[in-house]
Amino acid sequence: MQNDSIPSSAPALKILPAYTGLNTVEAILQVPRARRLLWLEILFNDELDLQPWQNHPEVQDAYQKACQWFTTYRSLIQSVLPRVSLPLDNGKIDQRDYRTFAEA
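Numbering (my numbering), first residue to last: -4 to 99.
One or more of the hints may lead you astray.
What the hints assert, rightly or not - No farther apart than 20 Å at their CA atoms in a straight line, the calculated lysine to any residue pairs in the SDA-like style are these: (1) LYS9 / GLN90; (2) LYS9 / ASN40; (3) LYS87 / GLN59.
As the list claims (entries may be wrong) - Computed spacing ranges between beta-carbons, pair by pair: (4) GLN90 / GLN46: 15 to 23 Å; (5) PRO27 / SER74: 27 to 35 Å; (6) ARG69 / ARG91: 19 to 27 Å; (7) PRO27 / SER70: 26 to 34 Å; (8) GLN49 / PRO27: 14 to 22 Å; (9) SER74 / GLN25: 29 to 37 Å; (10) PRO27 / GLN73: 29 to 37 Å; (11) PRO77 / PRO52: 26 to 34 Å; (12) GLN55 / VAL79: 16 to 24 Å; (13) SER70 / GLN25: 29 to 37 Å.
Rather than coming from a laboratory, the hints here were simulated on the basis of the structure. From the three backbone atoms N, C-alpha and C, an ideal C-beta is built for every residue, glycine too.
Just need the whole structure built from these sequences, with the hints factored in.
As structure tokens, then:
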């Protein structure tokens, strides 16, 4: 299997289809609004395999942002939705994204 293709058994997106109507990471990366929300999918979907896109700068940024939000709200997230821990990142979160986080 090549890194530039998605495995047929790739888990479905859980959050972003409701926000964007898009069902693949490739489609999300093509739409600026969807790219800005990718961090939510990473934060709440621990089955998402980002290996094929690990070198994509916008995926890296979304992953870092998800790690920062996970670090800040780890207890809340794990009490509502048990998930595998993301790496801890004590970077500053942008509170302007709080409403988006709370609605997810």
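Hints and how they fare:
Proximity of LYS9 to GLN90 is assessed by CA-CA distance (about 23 Å); at most 20 Å being required, the pair is judged violated. Distance check on the hinted pair: LYS9 and ASN40 sit about 7 Å apart at the alpha-carbon level, within 20 Å; holds. Between LYS87 and GLN59 the alpha-carbon distance is near 11 Å, which keeps this suggested pair within the 20 Å criterion. Taking the beta carbon of each, GLN90 and GLN46 are about 31 Å apart, not inside 15 to 23 Å as hinted.
A hinted range of 27 to 35 Å for the beta carbons of PRO27 and SER74 is consistent with their spacing of about 33 Å. Here the CB-CB span from ARG69 to ARG91 is close to 21 Å, well matched to the stated 19 to 27 Å. Evaluation of the 26 to 34 Å hint for PRO27 and SER70 yields a pass: the beta carbon distance comes to about 32 Å. Checked against the hint of 14 to 22 Å, the C-beta distance between GLN49 and PRO27 comes to roughly 21 Å, which is consistent with it.
With their beta carbons about 35 Å apart, SER74 and GLN25 fall inside the hinted range of 29 to 37 Å. The given range of 29 to 37 Å is respected by PRO27 and GLN73, whose C-beta atoms sit roughly 31 Å from each other. Look at PRO77 against PRO52: about 30 Å separates their beta carbons, and that is inside 26 to 34 Å. Between GLN55 and VAL79 the Cβ separation comes to about 19 Å, which falls inside the hinted range of 16 to 24 Å.
In this structure the supplied range 29 to 37 Å holds for SER70 paired with GLN25, their Cβ-Cβ distance being about 35 Å.
The structure is inconsistent with the numbered hints 1, 4, although it conforms to all the rest.
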